[in-house]
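K.L.:
Residue-level listing of the chains:
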Amino acid sequence: MKSKSSSFFIQVILPFITPALAFYLLFRLIPAFNAFYISFFSWDGIGPMKFVGLRNWLELTVDEVFWKAFRNNIFLIIASVGIEIPVGLLLAYLLMIEPSIKGKTFFRTAYFNPMMFIPAAIALLWKLIYFPVGGPLNNLLSYLGLPAIDWLGDPSINVWSVIFVVVWQWTGWYFVLSLAGMSSIPTEVIESAIIDGASKFRLLRSIIIPLMKSNLFLQITLAATGSLMYFDLFWIMVEGGGPGHSAEVLATWLYKQTFMWSKVGYSCAMAAFLTIVTFLVGFYWIRQVAKAS
Amino acid sequence: MTGTAGKAPLVLWHLWTEGTAQLDWLRTYVEKFNAENPRTYIKPVYVENEIFKRQIVTSMAAGNPPDIFHNWGGWMYLFRFAKEGKVVDLTPYMNEESPYIPGAPWKDTFLPGRMAQVTFTDGKIYGVPLMLLFESIFFNRKLFEEYDITMPHNDWTWDEFKQIIEEIKEKTAGKKIYPIALGNAVGWTGMIYYMYFVLRLAGADYVEKAMWDPDLRYDTDAFIEAGKLCQELVDMGAFNPGFNGLRDTDAAMLFANGQAFMEAIGTWIYGQALAYNKENPKYFDVVAWPHFPNEVDSVNLVGGGDAYAVSWKCKYPDDAVKFLQLFVSPESQKMLLFHCNILPGIKSEYLGLTKEEEEKLSLLAKHEMELASKATYICNYWDQGLPPVITEAVLESMIALFGKTTTPEAVAKKLEEARQKWLKSAGII
Chain A
6 MKSKSSSFFI QVILPFITPA LAFYLLFRLI PAFNAFYISF FSWDGIGPMK FVGLRNWLEL
66 TVDEVFWKAF RNNIFLIIAS VGIEIPVGLL LAYLLMIEPS IKGKTFFRTA YFNPMMFIPA
126 AIALLWKLIY FPVGGPLNNL LSYLGLPAID WLGDPSINVW SVIFVVVWQW TGWYFVLSLA
186 GMSSIPTEVI ESAIIDGASK FRLLRSIIIP LMKSNLFLQI TLAATGSLMY FDLFWIMVEG
246 GGPGHSAEVL ATWLYKQTFM WSKVGYSCAM AAFLTIVTFL VGFYWIRQVA KAS
Chain B
74 MTGTAGKAPL VLWHLWTEGT AQLDWLRTYV EKFNAENPRT YIKPVYVENE IFKRQIVTSM
134 AAGNPPDIFH NWGGWMYLFR FAKEGKVVDL TPYMNEESPY IPGAPWKDTF LPGRMAQVTF
194 TDGKIYGVPL MLLFESIFFN RKLFEEYDIT MPHNDWTWDE FKQIIEEIKE KTAGKKIYPI
254 ALGNAVGWTG MIYYMYFVLR LAGADYVEKA MWDPDLRYDT DAFIEAGKLC QELVDMGAFN
314 PGFNGLRDTD AAMLFANGQA FMEAIGTWIY GQALAYNKEN PKYFDVVAWP HFPNEVDSVN
374 LVGGGDAYAV SWKCKYPDDA VKFLQLFVSP ESQKMLLFHC NILPGIKSEY LGLTKEEEEK
434 LSLLAKHEME LASKATYICN YWDQGLPPVI TEAVLESMIA LFGKTTTPEA VAKKLEEARQ
494 KWLKSAGII
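Going down the list, the sequences are from chains A and B.
Counting in this note's numbering, the first sequence runs from 6 upward without gaps.
Counting in this note's numbering, the second sequence runs from 74 upward without gaps.
Hints listed in this document are in silico derivations from the structure and should not be mistaken for laboratory results.
Idealized CB from N, CA, C, for every residue including glycine.
Take the hints with a grain of salt, since some may be wrong.
What the hints assert, rightly or not - Just the calculated beta-carbon pair ranges, DEER-fashion:
{"#": "1", "chain 1": "B", "residue 1": "178", "chain 2": "A", "residue 2": "38", "range": "48 to 58 Å"}
{"#": "2", "chain 1": "A", "residue 1": "148", "chain 2": "B", "residue 2": "121", "range": "25 to 35 Å"}
{"#": "3", "chain 1": "A", "residue 1": "103", "chain 2": "B", "residue 2": "248", "range": "42 to 52 Å"}
{"#": "4", "chain 1": "A", "residue 1": "291", "chain 2": "B", "residue 2": "131", "range": "53 to 63 Å"}
{"#": "5", "chain 1": "B", "residue 1": "408", "chain 2": "A", "residue 2": "151", "range": "49 to 59 Å"}
{"#": "6", "chain 1": "B", "residue 1": "79", "chain 2": "A", "residue 2": "62", "range": "47 to 57 Å"}
{"#": "7", "chain 1": "A", "residue 1": "124", "chain 2": "B", "residue 2": "81", "range": "31 to 41 Å"}
{"#": "8", "chain 1": "A", "residue 1": "151", "chain 2": "B", "residue 2": "483", "range": "28 to 38 Å"}
{"#": "9", "chain 1": "B", "residue 1": "131", "chain 2": "A", "residue 2": "124", "range": "17 to 27 Å"}
{"#": "10", "chain 1": "A", "residue 1": "64", "chain 2": "B", "residue 2": "365", "range": "33 to 43 Å"}
{"#": "11", "chain 1": "A", "residue 1": "60", "chain 2": "B", "residue 2": "483", "range": "20 to 30 Å"}
As the list claims (entries may be wrong) - Derived pair list, reagent style EDC-like, types lysine to aspartate or glutamate, alpha-carbon separation capped at 16 Å:
{"#": "12", "chain 1": "B", "residue 1": "159", "chain 2": "A", "residue 2": "49"}
{"#": "13", "chain 1": "B", "residue 1": "487", "chain 2": "A", "residue 2": "68"}
{"#": "14", "chain 1": "B", "residue 1": "156", "chain 2": "A", "residue 2": "49"}
{"#": "15", "chain 1": "B", "residue 1": "105", "chain 2": "B", "residue 2": "404"}
{"#": "16", "chain 1": "B", "residue 1": "494", "chain 2": "A", "residue 2": "64"}
{"#": "17", "chain 1": "B", "residue 1": "487", "chain 2": "A", "residue 2": "69"}
To be verified - Stretch-level coverage of chain B by chain A, calculated; a stretch enters the list once three of its residues show a Cβ under 8 Å from a Cβ in chain A:
{"#": "18", "region": "150-160"}
{"#": "19", "region": "195-206"}
Let the hints inform the model, and build the full structure from the sequences given.
P.N.:
In structure tokens:
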């Protein structure tokens with residue numbers, strides 16, 4: 006029995022997973038372990054490497070920018086789990102439960118549309134919208150008699166200005182995931198609940214959400230790990246990180262340390278830390294997904 | 074591009090966008106070289122300024138740098154590669170004559186200040202200076218006339234400067250026109266102010282020596298005062314709104330479109346502004362930085378300029394040098410002066426302007442020459458000239474200083490800490 010299953014693994018499963026596994030090893034696992042290794046060295050990326058033990062890791066604990074960036078990533082997790090997923094779910098539910106809505110396909114496409122733009126284009130588009138001198142958003146504010154806002158320059162709000170765009174972009178993604186999750190719920194269950202007189206809210210709360218538990222946990226996994234590693238829009242919209250690094254995130258800080266300031270050893274310590282945190286968060290939620298299904 | 078068939082390409086990274094006068098200049102001489110050279114051709118590749126700063130480091134580390142690459146001399150983008158043997162040593166070529174300037178070794182034809190910025194501590198020359206850039210206050214004559222505001226002049230004081238700002242604010246109230254254009258999202262534009270104030274208050278000699286001398290400091294009164302002056306300008310509303318979130322290109326656009334009276338920026342601004350507006354840059358003029366009663370230095374400049382270097386991966390360094398010799402030939406440097414309003418990197422005796430040519434110079438170019446001729450020293454931009462550890466502290470401090478999330482004292486302290494780190498890593502202390 007045992008030999009049979011192992012030969013099944015070698016002959017059938019292995020060939021199928023080899024391409025993905027090779028890719029995963031080559032571009033994910035090996036670089037991740039390599040980063041751990043380099044994190045014990047002082048290295049500028051060009052010259053020779055010098056072993057420094059735990060110095061990079063200790064520096065991490067006192068790097069204020071690192072912790073500020075980490076806090077911004079937590080904000081991003083809160084926004085993506087707290088806004089993107091619920092809004093995506095609600096939009097999907099509305100499209101599913103209201104068969105009379107006209108132009109369903111249009112809405113489906115429209116909601117998902119921001120996901121189809123490349124982040125650089127979105128960043129530039131929103132930089133224009135936020136433009137402080139004569140940008141459309143500030144023009145609107147002045148039309149309403151409100152004071153202009155320095156969306157990307159004011160250190161107290163710029164992180165939220167970017168997070169807003171991230172939410173705008175990614176809600177469509179969770180909308181599609183929810184839509185897919187809902188379509189796998191047997192229609193009889195929903196129909197019988199409606200016949201039993203369940204309100205639309207009750208139907209969502211007591212039938213749809215519980216049945217979508219594993220799907221939602223998966224969404225949370227993706228949102229949380231994705232938010233921890235998020236880079237694109239912050240990088241282009243607030244290149245310098247904002248005054249006092251108010252809009253720095255871990256990935257942008259890491260990138261700057263590596264490619265601008267050549268502190269490769271230090272940034273590898275940061276990358277290794279980020280890998281551990283992301284792994285733990287991912288691991289916890291993947292287990293929840295497994296339990297739920 | 075003509076004349077490229079069957080030849081090997083020499084990739085050249087430059088930073089000039091479509092529409093700038095500088096790109097016209099580069100293209101003219103690339104085409105000339107490509108038409109004449111039998112073996113290779115120059116293939117210019119545009120890289121955006123901020124992307125360049127990262128891309129060049131990555132490409133050097135990965136071993137696939139361009140054949141010829143832009144830099145500004147100094148540590149950040151030249152010496153740190155040269156020190157690892159990644160840049161071709163140009164000294165042998167520099168000791169010979171350039172075919173375009175007979176009678177002197179090539180190295181002696183450049184301005185000594187520019188040559189110093191591409192010469193490493195071991196005495197080897199790693200770059201070819203293309204031009205002389207310096208920072209100053211540029212202003213739009215037309216706007217000053219239109220609003221009947223006192224025109225800036227070379228002897229103006231800090232108080233006069235502030236009065237002019239107030240006057241502009243008063244006369245443009247309610248309009249989307251501002252005294253000074255600034256886009257400080259990445260920090261080096263704010264640094265220009267800070268560096269100038271330090272230069273005025275501590276002197277060029279101090280600024281030059283402070284990088285190497287363990288007995289000097291960055292947290293002196295002059296540095297703290299410089300930070301205070303920067304924040305004074307922020308507080309009085311001298312800049313366009315949103316400057317913390319804008320780039321230098323955004324500020325250039327505001328200035329080019331006549332939405333700002335002045336901009337403290339480099340002499341490249343004329344050529345750059347043409348990409349946004351063909352009309353306004355004609356009215357650009359330049360003036361010295363305002364003077365302080367207690368200043369130590371009244372004439373020296375912050376600046377440097379673009380240089381090109383040849384990477385160790387270049388298979389035809391002789392050809393690359395041939396192109397560079399053409400690009401800094403008197404004829405090409407004259408085009409730089411007349412077409413881009415940027416001062417040449419070669420000495421005026423080798424440039425050989427005729428009387429007629431001198432008369433044809435624009436007001437802007439004449440005034441630039443006047444400022445440059447007074448200076449005895451040009452202090453290289455800290456974000457190019459200094460090693461990465463100090464550069465990082467400088468740039469992030471400047472974003473924070475102008476964004477008012479830090480104090481002048483804290484900035485000076487941070488710079489000094491970074492300097493100490495550098496001195497330690499370089500084995501000086």
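K.L.:
Taking the hints in turn, state whether each one holds.
P.N.:
Right, here's what the structure says about each hint:
1. B:178 to A:38: 48 to 58 Å: The hint (48 to 58 Å, Cβ to Cβ) holds, given that residue 178 of chain B and residue 38 of chain A are roughly 53 Å apart.
2. A:148 to B:121: 25 to 35 Å: Since the Cβ atoms of residue 148 of chain A and residue 121 of chain B sit about 34 Å apart, the hinted range of 25 to 35 Å holds.
3. A:103 to B:248: 42 to 52 Å: Given range 42 to 52 Å: holds, Cβ gap about 50 Å.
4. A:291 to B:131: 53 to 63 Å: violated (33 Å)
5. B:408 to A:151: 49 to 59 Å: holds (50 Å)
6. B:79 to A:62: 47 to 57 Å: holds (55 Å)
7. A:124 to B:81: 31 to 41 Å: holds (36 Å)
8. A:151 to B:483: 28 to 38 Å: holds (33 Å)
9. B:131 to A:124: 17 to 27 Å: holds (20 Å)
10. A:64 to B:365: 33 to 43 Å: With Cβ atoms ~39 Å apart, the hint holds.
11. A:60 to B:483: 20 to 30 Å: The hint (20 to 30 Å, Cβ to Cβ) holds, given that residue 60 of chain A and residue 483 of chain B are roughly 25 Å apart.
12. B:159 to A:49: holds (14 Å)
13. B:487 to A:68: Holds: residue 487 of chain B and residue 68 of chain A sit about 13 Å apart, inside 16 Å.
14. B:156 to A:49: It holds: about 12 Å lies between the C-alpha atoms, which stays within 16 Å.
15. B:105 to B:404: holds (12 Å)
16. B:494 to A:64: Measuring from Cα to Cα gives roughly 14 Å; hence the hint holds.
17. B:487 to A:69: holds (13 Å)
18. 150-160: Holds, because 5 residues of the region 150-160 of chain B bring their Cβ atoms closer than 8 Å to Cβ atoms of chain A.
19. 195-206: violated (count 0)
Consistency note: the structure conflicts with the earlier hints numbered 4 and 19.
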